[in-house]
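Enquirer: Residue numbers (the UniProt record's numbering), protein chains in the order written: chain X, 1 to 300; chain P, 1 to 442; chain D, 1 to 303.
Pairs of lysine-lysine, DSS-like flavour, derived with a Cα cap of 25 angstroms:
| hint | chain 1 | residue 1 | chain 2 | residue 2 |
| --- | --- | --- | --- | --- |
| 1 | D | Lys66 | P | Lys402 |
| 2 | D | Lys49 | D | Lys66 |
| 3 | P | Lys44 | X | Lys242 |
| 4 | P | Lys74 | P | Lys347 |
| 5 | P | Lys74 | P | Lys44 |
| 6 | D | Lys49 | P | Lys402 |
| 7 | P | Lys361 | P | Lys74 |
| 8 | X | Lys86 | X | Lys242 |
| 9 | P | Lys255 | P | Lys199 |
| 10 | P | Lys371 | P | Lys361 |
| 11 | P | Lys255 | D | Lys162 |
| 12 | P | Lys361 | P | Lys347 |
| 13 | P | Lys347 | P | Lys44 |
| 14 | X | Lys86 | P | Lys361 |
| 15 | P | Lys347 | P | Lys371 |
Simulated restraints, written as ranges between beta carbons of each label pair:
| hint | chain 1 | residue 1 | chain 2 | residue 2 | range |
| --- | --- | --- | --- | --- | --- |
| 16 | D | Gln148 | P | Ala252 | 34 to 42 angstroms |
| 17 | P | Glu353 | D | Ala244 | 34 to 42 angstroms |
| 18 | P | Gln259 | D | Leu147 | 26 to 34 angstroms |
| 19 | P | Gly320 | D | Phe68 | 44 to 52 angstroms |
| 20 | X | Leu203 | D | Gly109 | 40 to 48 angstroms |
| 21 | D | Ala149 | P | Glu119 | 52 to 60 angstroms |
| 22 | D | Val214 | P | Glu204 | 49 to 57 angstroms |
| 23 | P | Asp127 | D | Leu32 | 49 to 57 angstroms |
To give an idea of the chain X side of the interface with chain D (calculated C-beta under 8 angstroms), a few residues:
| hint | residue |
| --- | --- |
| 24 | Arg31 |
| 25 | Cys42 |
| 26 | Leu46 |
| 27 | Phe47 |
| 28 | Phe116 |
| 29 | Gly117 |
| 30 | Pro124 |
| 31 | Ile142 |
| 32 | Thr144 |
| 33 | Ile146 |
| 34 | Thr148 |
| 35 | Phe169 |
| 36 | Ile177 |
| 37 | Gln182 |
Hints listed in this document are in silico derivations from the structure and should not be mistaken for laboratory results. For every residue, glycine included, the Cβ atom is placed at its ideal position computed from N, Cα and C.
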Amino acid sequence: MTQTRAEVPLTITGGRKRSVAGLTMNGLLVRLALYLFLSFVCLILLFPNIWMISTSLKDSPQIFAYPPELIPAPFLWSNYLVAIQKFPFFLYLRNTLIVTGLATFGTVLSASLVAFGFARRRFPEREVLFGVLLSTMMLPSIVTLIPTFVLFTRLGWVNTFLPLTVPAFFGGGAFYIFLLRQFYLTLPYDYDEAAYIDGASSLRVWWEIILPFSKAPLAVITVFTVLSNWNDFMGPLIYMNKPHMRTLALGLQFFRDQRYTQWNYLMAASTLTLIPVLILFFAAQRYFMEGILLTGLSGR
Amino acid sequence: MTKRLSRREFMRNAGLAGTGLALAACAPVAQDGAMDDGSMMAEKQTAYIFDYDPTGTDAWVEADQLFIEYFTEKYPDYEIIREQAPWAGFTEKLLTSIAGGSEYDVIYGYWQWLPLFIENNVIGPLDDLIDADTEISADDFFDYAKETIEGETYGLAWFISGWLHWYNLSAVNEAGATTPKEMNENGDWDYDAWYQFAKEYTSEQDGVPIYGYEMGSGRSVSVYVMLAWAWGTEQWNDDFSASIMDNEENVALWKWIQQFYVEGLTPLPGSSTTEQPISYTNGRSMATMAGQWYTRTIVQDGAPDLFDIGMVPFPTGPSGQYSVAALNSFYFSSSPGNVDPAWAWYKERSFSEAAASIYAKIGGGRFPSIKRVAPATVYEWEDTEVYEAIRPILRTYRTSPKESEWINTYWNVAWDEMVLGTRPVEEILGQLAEESTALVNS
Amino acid sequence: MALQTKHRPGPLARKEAWEGRLYILPWLAGFLIFTIGPMAASIYFSFTKYSVLSGADWLGLDNYTKLFGGDRLFGLTLYNTFYFVILSVPLNLFAAFLVALLLSVQVRGINLYRTLYYLPVITPAVASALTWGMLFSGDFGLVNAVLQALGLPTFNWLFNPKITKLVFVIMGLWGIGGSAIIFLAGLQNVPRVLYEAAGIDGANLWHRFRHITVPMMTPLIFFNLVLGIIGTFQVFTGAYIITAGGPANSTLFYVLYLYNNAFRFFKMGYASALAWVLFVIILVFTVIQLRMARLWVFYEAER
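Extracted from the complex, chain X is given alone in its bound form (with noise of 0.2 angstroms):
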């Protein structure tokens, strides 16, 4: 099959056709009708986040309001600034970006890698390892969670980063390898079939046209690895004894305890916890949108 740069039209800007996923989009009351659904969608599923906003800006006695008001009165800029001197917000932040910047690494550089082999290579054992591979998502890790801890206890890791970021480096996960897997036999086998015979070494093809192919997903395992050690609790939980080693996670908590909570301040906190998160988003997201097509095969 032959591929062809495609021209893709990026903005509404006269009555141009547009065509992506094969739909078309013409005039105005179907764009209208599209902002329209678009948007009452997403008033449903940002009432959480409307309503935690809201919270995170009243004070106490109208968080308890009846009937319940979603306009905070006053507004309470303030919380936030409270909210971060409860406990070492910018310590706990820098900690989260170690996590989370080093396990990021890690597993999109090494299931990137480990995905390689299993879509692209042939060999005897690929079957039954990627089996196993799959296998490992499907026990809770409730119950290897005392091993795992004990595991780490014994290479004197605890206390230390390390538990959270170095398995990183080891695949990262059977989700991310699955993943960069599915999207990797979708790609045309011509280029690598051209490159091998003009000598090329594997390497390389992974590097040179398998990884300039892949922008999207390597943009969603990024977004999905970033998120899911910056919200992780367990992990840091029982793994850092010593206060300062603490995650943002773990900071949430300390908003709550047995019988009691502190909502607004629960809230903003929560509210900053999650808008580094959602830069890093709206930043990938230009790369979602980077198939094969954007890219093309320059330098070939």
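Based on these hints, arrange chains P and D on the given structure of chain X.
Expert: Structure of chains P and D alone, referenced to chain X:
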């Protein structure tokens, strides 16, 4: 061919050996000095404490800070190493640490765990330590404030909270009625008066129900037993060999509770959630039951600005008047590394007057297990008379060895069925008793 | 399309095989170091009485015989979980695909919509849990308010054993952003030239969707289906935070029961037995899917 076979065999053996090794690496770490990094500081005697995070209010954090300062100053030779976990994840953290070989001299306890901790030799009795101590004796403590199993004391509560009713005093005054507190003083505060109160004050405002009483906490067994004692029964027989949940008194009590739900005197579960507004504190129910700790919630939710707070002990039932002692204790290791610093910490934290005054700031009229320290109040609307009235009628909830499993697996379900009214109470309790007896004998 | 080159013998194939093994080595090493030990340990624990507070005592098959023989809750939690899986997996898959199609349309401002649709996935569970009460509570919930305004009957959503599972299915829809993003990324890999060719042939919108988009997306539909089943069988967080399994055990899902055994009742041995039974169940479903995949999943790179 032979070469291939042998290689495969080699791979298999290597795989088996590898798996065996990997498995061995995960076996729980034997508890032998896994924490000996402390020996580096040879001059100081170290105690290891497992505690919860001082979270929630600023007062709590401050108190914890003050206590550490107080202790460090008083015992310069002792070093305290605390590992802390937030409430969410407390068990996970504790269990993984113990499996990893950590030994703690003092562990913050939870009454549902007590039998298991003893059974597995994690904690030991305090009686010898109390006897050997020259500053205190066993008689200094309220009996109900001791976490005791088979005659041995495993915990001396650092905070005790009794349960009481909180009612909307403004509403009662507006109605020109006798307050529950006055009824209590006149000897008229009984279960019928409670029910009448709920009925009296259940109303509707702009199409929205105002409930006379918020019954939700009754689902908690440790609260339920308080009612059951007043009705002359409890949930187990004397030696925990059988459930008596299907006896006459329990059936009558459940039916009494059920009418609150059936008649709409109390909100159904799910009509609001714990975080959400149907509560005493925003005036949507006229009364509720809670421990003394509830003062913090009342203040947080701003209730004192909306109406006057009324407090009264639980009513008198057919067999008398009770309040349940909610105990928060620390437990002591069965094989402490350094007894002196650990016991010093235990004593100071659990029942010294200094600690009591420091932690009093958290609020809630609580008091430690030692008799000479009085309930502390923080807010002007707190009724010290009621606190003093509750003190002599406190009792401790007796814990069966399988309490946690029983509550989560059987009790909660039966309670939900009672509230939903899917089956007659006799039938629900019959099944509950049968399954509970099977559980404790399994 | 590439040549059919199956079973190519010779040094090239052997080189390729060794390269393949080398590429997957990071995962294999990680599996042997970090994963297989804990998994094996949990198998061992499943044959023991293990409170974690002290060592494990060998029980033989007792945990398993109790599980299959006398544990009423085992059956009930399986029922709850299957109920949830059967409704939730297809619904989420369908909704996620639909959302991805919607979000793939190139109109101004679509970037913002994509971010907003993903926002619920990023939101910490504790924050969204607060809101479910606002939506579904019986007395003042938004859902009931809307139903009432439309003259429809209202429910006590979170305390009616007949509908609580459905509420969880509905709540699950808030999390489709993850699968939708995967589909969205996949849609970009559908070669445009196919559509253009089809356009010349005069195929209409539906035909192009049915005969080009869907087949090209099957690897990712397969991925989301497999992962959906694996993940949904292990549904836990919502029931743990919002209903704690109630009312009357109607949301006591399998893994929540397993968690209770492990960390509430201190029965790690029994929890491990439960976990391995679930492992086998999920394995069976996954194997069936892998087999069926040959019938409907289309790989560009298959050779």
